[in-house]
Amino acid sequence: MLIVGRGLGAQITSDRLLHAVDEPQNWLTYSGTYSAARYSALRQIEPANVRNLELKWILQAQVSGSWEASPLVVDGVMYLTERPNDVLAIDARTGRLFWMYTYAGPTDYKVCCGANNRGLAIAGDTVFMGTLDAHLVAIDARNGRAVWNTAVADYSKGYSITVAPLVVRNKVIVGVGGGEYGIRGFIAAYDATTGKEVWRFNTIPSPEEPGSDTWTGDAWKRGGGSIWVTGSYDPSLNLTYWGTGNPGPDFNPAQRPGDNLYTNSVVALDADSGMLRWHFQFTPHDRYDWDSTQVPVLVDAPWQGAPAKLLMFANRNGFFYVLDRATGRFLLGKPFIDVNWASGLDANGRPVETPQPEGTTTRPGQQGGTNWYSPSYSPRTGLFYIPAWENVAGVFKPQESEYREGSTFMGGGYRTTPPVPEAAVPPNIRRGPINTWTDAVAHGSVIALDPRTGERKWTFRMYDLTNSGILTTASDVLFTGGREGYFQALDARTGALLWKSNLGSAQISSAPITYEVAGKQFVSVICGNVLAAYALRD
Amino acid sequence: MMPAYALVSILVLSAGVAVSGQDHAGTYADADVTAGARVYTALCASCHGTSGAGVGVVDLRRSPLPRASTDAALAAIINNGIPGTGMPAFRLDAADVRVLVAFIRAGLPDAAGGAATGSIERGRAIFEGRGQCLECHRVQEKGSYAGPDLTDIGRTRAATSIQQSLVNPSLVMRPINRPVRAVTRNGRVITGRRLNEDTYTVQIMTDQGRLVSLVKEELREWDVSETSTMPSYRDRLTPDEQNDLVAYLVSLKGTGL
Chain D
1 MLIVGRGLGA QITSDRLLHA VDEPQNWLTY SGTYSAARYS ALRQIEPANV RNLELKWILQ
61 AQVSGSWEAS PLVVDGVMYL TERPNDVLAI DARTGRLFWM YTYAGPTDYK VCCGANNRGL
121 AIAGDTVFMG TLDAHLVAID ARNGRAVWNT AVADYSKGYS ITVAPLVVRN KVIVGVGGGE
181 YGIRGFIAAY DATTGKEVWR FNTIPSPEEP GSDTWTGDAW KRGGGSIWVT GSYDPSLNLT
241 YWGTGNPGPD FNPAQRPGDN LYTNSVVALD ADSGMLRWHF QFTPHDRYDW DSTQVPVLVD
301 APWQGAPAKL LMFANRNGFF YVLDRATGRF LLGKPFIDVN WASGLDANGR PVETPQPEGT
361 TTRPGQQGGT NWYSPSYSPR TGLFYIPAWE NVAGVFKPQE SEYREGSTFM GGGYRTTPPV
421 PEAAVPPNIR RGPINTWTDA VAHGSVIALD PRTGERKWTF RMYDLTNSGI LTTASDVLFT
481 GGREGYFQAL DARTGALLWK SNLGSAQISS APITYEVAGK QFVSVICGNV LAAYALRD
Chain G
1001 MMPAYALVSI LVLSAGVAVS GQDHAGTYAD ADVTAGARVY TALCASCHGT SGAGVGVVDL
1061 RRSPLPRAST DAALAAIINN GIPGTGMPAF RLDAADVRVL VAFIRAGLPD AAGGAATGSI
1121 ERGRAIFEGR GQCLECHRVQ EKGSYAGPDL TDIGRTRAAT SIQQSLVNPS LVMRPINRPV
1181 RAVTRNGRVI TGRRLNEDTY TVQIMTDQGR LVSLVKEELR EWDVSETSTM PSYRDRLTPD
1241 EQNDLVAYLV SLKGTGL
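Chain order of the listed sequences is D and G. Using this note's numbering, read the first sequence as starting at 1 and increasing by one per residue. Using this note's numbering, read the second sequence as starting at 1001 and increasing by one per residue.
Don't read these hints as lab results, they were simulated from the structure. In this text, all values refer to a predicted model and were calculated from it rather than measured experimentally. Hints may be right or wrong, so weigh each one.
Not close to chain D: a few residues of chain G, all C-beta gaps over 12 Å, as computed [what the hints assert, rightly or not]:
hint	residue
1	G1143
2	S1161
3	E1218
4	R1236
In silico DSBU-like cross-links for lysine-lysine, where the CA-CA straight-line distance does not exceed 35 Å [said to hold, decoys possible]:
hint	chain 1	residue 1	chain 2	residue 2
5	D	K221	D	K196
6	G	K1216	D	K520
7	D	K334	G	K1216
8	G	K1253	G	K1142
9	G	K1253	D	K397
10	D	K520	D	K500
11	D	K309	D	K457
12	D	K196	D	K334
13	D	K397	D	K221
14	G	K1142	D	K457
15	D	K520	D	K457
16	D	K334	D	K520
17	D	K500	G	K1216
18	D	K56	G	K1216
19	D	K221	D	K56
20	D	K56	D	K520
21	D	K500	D	K157
22	D	K309	D	K196
To list a few chain D residues with every Cβ distance to chain G over 10 Å, as calculated [as the list claims (entries may be wrong)]:
hint	residue
23	S343
24	D439
25	K457
Backbone N, C-alpha and C fix where the C-beta goes; we use that ideal spot for every residue, glycine too.
Take the sequences, apply the hints, and build the full model.
In structure tokens form, the structure reads like this:
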């Protein structure tokens, strides 16, 4: 097979990453390109022929469990992680393996929600993976051998890494998980060649750092602010944007008076120094576990008549936001689902909160209106696409939590409340093959928003919830999955169903990607324990 | 992050830690079961469901559990998880684990149903006789497939809930069990009980006891009713007879097969 650049030195230069949009045959970062729109210029698969898609190959995982990884594709080779911390190099045309790397770290890691890993970054001839024991490992992309291994944090204290790193020039940027273990979160950059730490931004400031006035006492020491979904990067401003996780303890704000910066925020960091340029906090003093670890999507588009550098963010709290990404200035914010925790946003984008009486339901519930499921933006349609949970409510109950190093630190809990007596409750993370809760309790949607107004343009309603990301292409095809195990193609302009494939009543918990190899456009998606790759019939 | 649960550390303080650590299956202090319910709701219910049967074929109400026939084995799974599956290692402290084990063994719905005061034998007679329950329902090898099978209803529904469903069947009917009516393109009418549904298809047990799967876009009409087809027994049975019937239903714990 044809492999461009093999043996010619570094295959993925900074220049290629900066111009990833110009090589749509590849998928070079977690979200495809630095702008993180999960949009591809490929157009071989189009509305008129999408019904001719056929399954070309599948890959069975060696392990079972929620598979939330998004692969990379580089010149015909797919690089993919499977749980807990395996890396696979796969021929993207046939699905056969070149090599497999198995991480040999400890297995007594502490993770709230399963042994997840969401993927890799690549630079030169090296792929980079964060591990569940909070290391960062560099692996030779040609033979699967580890090149360096750097301890990022102490896993015995509840730190872990599940996020796919982001490479900017010669730096590998990564953040730590552990928001349910009373960690103090950070984002850090490591030299891609040596593995040495270059900079670190604490998502929870110490008393000497700006933002510390939003904390009381020493609550900051276990303030959370985890990082578990990959951010984006704007080379023109040299800023990297990351969504930050919930404050700790999750459900008891009384234990941490103040706004709790920089939890539940998007932070804009100088990519060279890690210095904070600006921040925007979506949910101050959170009591609902509404991590803002969604993907910050960078869009260049006119705003009120003038060219603008925008950042779009569909937040777990149920609001969609548009910010000026040079300054962080709030431009627009509107709920994309029914919410009752806030009546709206003020002129600065701060929520006007309407806390519900104890024991009554808050909308959205703990899992929020959306979550780690990647959104997409198409510059052709000008629409922003959100995988959304509709009608899910929860009752939240704060409780005093005592911090113990390495133990969960939650501050109470919540329960999901079905609106129908005796109804089953949809599982939070993973479901079985039978939907016993029905759409009378909850359903998912793909919501297409006009980002200029925050209004819905169309809704594709699913019977069950969705944890699937969304991919759009230059032929106006939108690909997405859901909890039912269907992989679906919609018309990105209208939301009309164009094609679907039943991948076996398992759950799609990651986002589709697209790439081209040997002149054929592929689209791949992970459902249950299977990665499936489709292309048009020969 | 996206956890499905909440904590727990504080519960330790109120969980009756002083009780001895004996491992006698079947003997669990009520206080432990109650404390364990809180841990379970916070940590486990999001995946395993309030029923204990929320993860695929895993049903925590089974006895013995295939991987955890002893309390020690169950505690080990809670602590260490099951590698390669969705079951994480929770690493709770010993007191939390102990009450959680107590709840899983003794507190899941079949045991949480409250006291049924009637006579099981009289209840059975009503169920199989005058109540005509077998016209629609099934218990083990007797009865119809049209309505929900009640062979293990005592595990999944509490006495109060069963009582409610006798006098006001629509009120506590689970949404999945709502009666459905489909009319196909060629005019065939299908009525029955829903078993499973997704965006494009629905699987049904027909009133005639047949398994039918329908593709929604091929239907001319599709209706889901919130009104149960079961009659109310409020006036058909005396309160004592209702109690007997509830006692019988609560006693139905499945066959263990």
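Now for the hints, and whether the structure bears them out:
The beta carbon of G1143/G is kept farther than 12 Å from every beta carbon of chain D, the shortest such distance being approximately 22 Å. A beta-carbon of chain D comes within 12 Å of the beta-carbon of S1161/G; the shortest separation is about 6 Å. The beta carbon of E1218/G is kept farther than 12 Å from every beta carbon of chain D, the shortest such distance being approximately 15 Å. The beta carbon of R1236/G is kept farther than 12 Å from every beta carbon of chain D, the shortest such distance being approximately 22 Å.
Of the supplied pair hints, the one linking K221/D and K196/D holds, its CA atoms being roughly 25 Å apart against a limit of 35 Å. Taken as a hint, the K1216/G and K520/D pair is honoured in the structure, with Cα atoms around 33 Å apart against an allowance of 35 Å. The straight-line distance between the Cα atoms of K334/D and K1216/G is roughly 34 Å, inside the 35 Å bound, and the hint therefore holds. Between K1253/G and K1142/G the CA atoms are separated by roughly 15 Å; this keeps the pair inside 35 Å, and the hint holds.
Between the alpha carbons of K1253/G and K397/D the distance comes to roughly 33 Å, so the proposed pair stays at or under 35 Å and holds. Taken as a hint, the K520/D and K500/D pair is honoured in the structure, with Cα atoms around 20 Å apart against an allowance of 35 Å. Restraint check: the Cα-Cα separation between K309/D and K457/D comes to about 23 Å, which is no more than 35 Å; the hinted pair holds. At most 35 Å may separate the alpha-carbon atoms for a hinted pair to count; K196/D and K334/D exceed this at roughly 42 Å.
The hinted pair formed by K397/D and K221/D meets the criterion: a straight-line CA distance of about 23 Å does not exceed 35 Å. The suggested pairing of K1142/G with K457/D is violated, with an alpha-carbon distance near 53 Å, which exceeds 35 Å. This hinted pair checks out: K520/D and K457/D have alpha carbons roughly 32 Å apart, not beyond 35 Å. Pair hint K334/D plus K520/D does not hold up; C-alpha atoms about 40 Å apart against a cutoff of 35 Å.
Annotation: proposed proximity of K500/D to K1216/G holds, straight-line Cα distance about 14 Å (limit 35 Å). Simply put, K56/D and K1216/G have alpha-carbon atoms about 28 Å apart, close enough for the 35 Å limit, and the pair holds. At most 35 Å may separate the alpha-carbon atoms for a hinted pair to count; K221/D and K56/D exceed this at roughly 50 Å. Between K56/D and K520/D, the direct Cα distance comes to roughly 11 Å. Compliance with the 35 Å bound is thereby established for this hinted pair.
Our distance criterion of 35 Å between C-alpha atoms is broken by K500/D and K157/D, whose separation comes to about 44 Å. The suggested pairing of K309/D with K196/D holds, with an alpha-carbon distance near 32 Å, which does not exceed 35 Å. With a least CB separation of 26 Å from chain G, S343/D remains clear of the 10 Å interface cut-off, as annotated. For D439/D, the requirement that its beta carbon stay farther than 10 Å from each beta carbon of chain G is not met, with the minimum near 8 Å.
Distance check for K457/D against chain G: the nearest CB is about 20 Å away, which clears 10 Å, and the non-interface claim stands.
Checked against the numbered hints above, the structure breaks hints 2, 12, 14, 16, 19, 21, 24 and satisfies the rest.
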